[in-house]
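Colleague: Protein sequences appear in the order of chains A and B. Here the working numbering = 1-based position in the first sequence + 65. Here the working numbering = 1-based position in the second sequence + 1427.
Because the hints were derived from the structure by calculation, they are not lab data. Some hints could be false.
As the list claims (entries may be wrong) - Dumping the calculated DSSO-like pairs for lysine-lysine here, alpha-carbon to alpha-carbon at most 30 Å:
1. A:LYS226 to A:LYS461
2. A:LYS214 to B:LYS1528
3. A:LYS154 to A:LYS262
4. A:LYS226 to A:LYS214
5. A:LYS226 to B:LYS1528
6. A:LYS226 to B:LYS1429
7. A:LYS226 to A:LYS208
8. A:LYS318 to A:LYS353
9. B:LYS1528 to A:LYS108
10. A:LYS214 to B:LYS1481
11. B:LYS1528 to A:LYS200
12. A:LYS208 to B:LYS1533
13. B:LYS1533 to B:LYS1500
14. A:LYS214 to A:LYS348
15. A:LYS208 to B:LYS1546
16. B:LYS1533 to A:LYS226
17. A:LYS208 to B:LYS1528
18. B:LYS1502 to A:LYS200
19. A:LYS348 to A:LYS318
20. B:LYS1546 to A:LYS214
21. A:LYS262 to A:LYS95
22. A:LYS353 to A:LYS397
23. A:LYS214 to B:LYS1429
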Amino acid sequence: MKKITIDPITRLEGHGKIEIFLNDDGDVDKAYLQIPELRGFEKFCEGRPAEEMPRITTMICGVCPTAHHMASTKALDDLFKVEPTSTAKKIRELMYNAFQAEDHILHFFFLGGPDFVVGPMAPAGERNILGVIAKVGLDVGGKVIEMRKRLRNVLRIIGGKPIMPSCGLPGGVSKAITEEERKTIIDAAEYAVEFCKFALGLFDDVVLKNKDYVDLVVGDIYKHRTYYMGLVDGNNKVNFYDGQIRVVDPNGKEFAKFKGRNYLDHIREHVEPWTYVRFSYLKNVGWKGFVDGEESGIFRVAPLARLNAADGMATPLAQEAYERMYEVLGGKPVHNTLAFHWARLIEALYASERVLELARDPELTSPDIVNLPTETPKEGIGVVEAPRGTLFHHYKTDERGILTEVNLIVATQNNAASICMSIEKAAKSLIKKGEVSDGILNMIEMAFRAYDPCLACATHSLPGRMPLEVNVYNSEGDLVRRLRRDE
Amino acid sequence: MKALILGLGNPILTDDGAGITIVQKIKEGHPHLQVIEASEAGLTLLDHIVGYDKLIIIDSIRTEKGRPGDFYKLKPEDLKPATDLSSSHGMDIATAFEIGKGLGYKMPRYVSIYAVEIKDNTTFGEGCTEEVEERIPFIAQKIVTEEKL
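Isolated chain B, as found in the complex:
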């Protein structure tokens, strides 16, 4: 089964780069895995994921009650409520998925989304905050185990 691990985020926006840092960690420990780091959104992601059977997305998230360093496992459907608000620009990943399916592309059948709760995604800077940085090795290992990579 062809699997892709896709890390999302903006690496110059402090914790927003957490998804990217995590996949870098995974790649370090497992060089044979197919890993992509991406700082784009919407349709461009479609370009990356078409043709894979299994897709693991790793990204950052901010929720009302979460603590920095927590992480969650989601499915694309879970993202719909957050993303169904009017898009002023660009397109959310759930819609990108739908479009891919609608156009008959070979979309991954198994999709897991891991989101790590972050502290700061509003200050420009390279590298994550301490609270997030120290959790990254643990989260990376957990994902590898969970997904049997």
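Next up, chain A with everything else stripped away, as it sits in the complex:
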């Protein structure tokens, strides 16, 4: 087969590109996912006071600024060796769960959900939120927006600004919660819990009762046996805000459990010449290429991975839903990529229940919201579970707190290798003897969308719009097919 050199710089149009190479028989030899690089983020930060990072890092991604803000704030806690007050932790965790719930529901209805609710074979023009609304009714569409509005209001109350939160301080938060605000938060949380229950019911009716969809979910095209990683609390239950990092192997057995501070003992980044994303893998298993199985250090993060890595959910309704999913899908761990969507809804329910729990906590309105730092800063690491997976912020400073080194491992980097594997596997199953069907773009994208990847974050880049282009080359290296929606 003709060898092609893929130069990442040549296709910098702001697209994500999937390049598929066929062998002489017209079957898929390899598939690559490339995304544009944004340069100089670490450099941009060096020389600045570390306290600016919770504000700066919210600008990396316009879709989930709260995740960066929280990871950054926790990195400052560690940097200044200051423990947040009990109230501050509760405020932070409440806010963070409100964000998770909103983000997950939005993803399901607007991004991933259309594949299921409307159908993967539906014309592209229908496979979007308008198609979903047309299918489930305006009333439901209105409820999604309403839930989003109420939760965003909670974020605004706590975060201080409508979109980009600015409440995180080393040792606490900048603003206490009033009793009046508590009432608003409880109201929003109750609405969210009800809506998430409804969403799971919808998933049941539309997906689980439809044999074609179920076949797709449990089928082989979208399945990989990998390790799984997520944050867990003291009882090994899923927690988005804090805890230890737990990794289970492809059989579901605990492989590692460690504090965020020690991530470098467990996680390494692998570089490939054809893309700027750095691929995370488990150091103690090793990089064996884009393959799955126990021998490969590739691990997955985000909803399904978190549920696989934990022993359960910390709230009752979510726990019920968790048990049901594993019962239906045949036990733990579940390796089916499309189950990410199901797990996402379960997590949204947990997040909503958690907001309600914390909102009812008497301590929430205490004025004791910050412990002032007194130690000299040197190095700090903060870890949270972003909607898309485990997120690490690592800062080094001089004794004045001026940044000398910054490293971020963003959620999607942790899934990047699996995303590539999933795309390649889908491509291999769907392209045979040079036959590239029209439905293929959708099917490949479904593999991709299940992860809800934020390619923006993965290259420290711009918010949310990452159009995809799929190019298919024959064994001579000639472009035989380009798949884009506008062609």
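Since the structure of chain A is already known, use the hints to place chain B on it.
Modeller: Frame of chain A; chain B shown alone:
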């Protein structure tokens, strides 16, 4: 007629912040105008624009043949081809508009989109490149005149 001027961009990504710099310039010269700077995308923009009769969006763009500093006037429909590619994350403004209409929100009837051709939106930095920076006062004035603000 209630009008909103919405500047979009990421102000720490060099030229990507051009839209924001332009609306800042407009606000400087015309303090009475309703101006919003936003670094978000998709549905969040809907929150900003509902209730206005007239909407002017200013953003950056990179096209195959454009020269940094050029600028174009577009309509939401013009954005569809660029944005109809699979969205891996978030939602484009054209779809956000459709959703707003579909849900019965009071959407602006008059929408103009101004896009300035930029040089560098892939390096982190505050402030635009020279080629773009020097065109900003001119573009700001042109928009004010064109839209009779």
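Colleague: Each of the hints needs a verdict: does it hold here or not?
Modeller: Tested hints:
This hinted pair checks out: A:LYS226 and A:LYS461 have alpha carbons roughly 28 Å apart, not beyond 30 Å. For the hint pairing A:LYS214 with B:LYS1528, the CA-to-CA distance comes to about 17 Å; that is within 30 Å, so the pair holds. Annotation: proposed proximity of A:LYS154 to A:LYS262 holds, straight-line Cα distance about 27 Å (limit 30 Å). Distance restraint check for A:LYS226 and A:LYS214: the Cα-Cα separation of roughly 14 Å lies within the 30 Å cut-off, and the hinted pair is therefore satisfied.
With a C-alpha separation of about 27 Å, the suggested pair A:LYS226 and B:LYS1528 falls inside the 30 Å cut-off, and the hint holds. For the suggested pair A:LYS226 and B:LYS1429, the alpha carbons sit about 24 Å apart, so the restraint of at most 30 Å is met. A hinted pair counts as satisfied when its Cα atoms are at most 30 Å apart, and A:LYS226 with A:LYS208 qualifies at roughly 24 Å. With a C-alpha separation of about 21 Å, the suggested pair A:LYS318 and A:LYS353 falls inside the 30 Å cut-off, and the hint holds.
A threshold of 30 Å between alpha carbons decides the hint, and for B:LYS1528 with A:LYS108 the separation of about 43 Å lies outside it, so the pair is violated. A hinted pair counts as satisfied when its Cα atoms are at most 30 Å apart, and A:LYS214 with B:LYS1481 qualifies at roughly 23 Å. Distance check on the hinted pair: B:LYS1528 and A:LYS200 sit about 17 Å apart at the alpha-carbon level, within 30 Å; holds. As the CA atoms of A:LYS208 and B:LYS1533 are separated by approximately 18 Å, the hinted pair is consistent with the 30 Å bound.
With a CA separation close to 23 Å, the supplied pair B:LYS1533 and B:LYS1500 stays within the 30 Å bound. For the hint linking A:LYS214 to A:LYS348, the alpha-carbon distance of about 42 Å lies beyond 30 Å, and the restraint is violated. With a C-alpha separation of about 42 Å, the suggested pair A:LYS208 and B:LYS1546 falls outside the 30 Å cut-off, and the hint is violated. As the CA atoms of B:LYS1533 and A:LYS226 are separated by approximately 24 Å, the hinted pair is consistent with the 30 Å bound.
Proximity of A:LYS208 to B:LYS1528 is assessed by CA-CA distance (about 16 Å); at most 30 Å being required, the pair is judged to hold. Distance check on the hinted pair: B:LYS1502 and A:LYS200 sit about 28 Å apart at the alpha-carbon level, within 30 Å; holds. With a C-alpha separation of about 18 Å, the suggested pairing of A:LYS348 with A:LYS318 holds against the 30 Å cut-off. Taking the CA atoms of B:LYS1546 and A:LYS214, the gap is near 36 Å; set against the 30 Å cutoff, the hint is violated.
Distance restraint check for A:LYS262 and A:LYS95: the Cα-Cα separation of roughly 41 Å exceeds the 30 Å cut-off, and the hinted pair is therefore not satisfied. Restraint check for A:LYS353 and A:LYS397: satisfied, since their Cα atoms lie roughly 24 Å apart, inside the 30 Å limit. Annotation: proposed proximity of A:LYS214 to B:LYS1429 holds, straight-line Cα distance about 23 Å (limit 30 Å).
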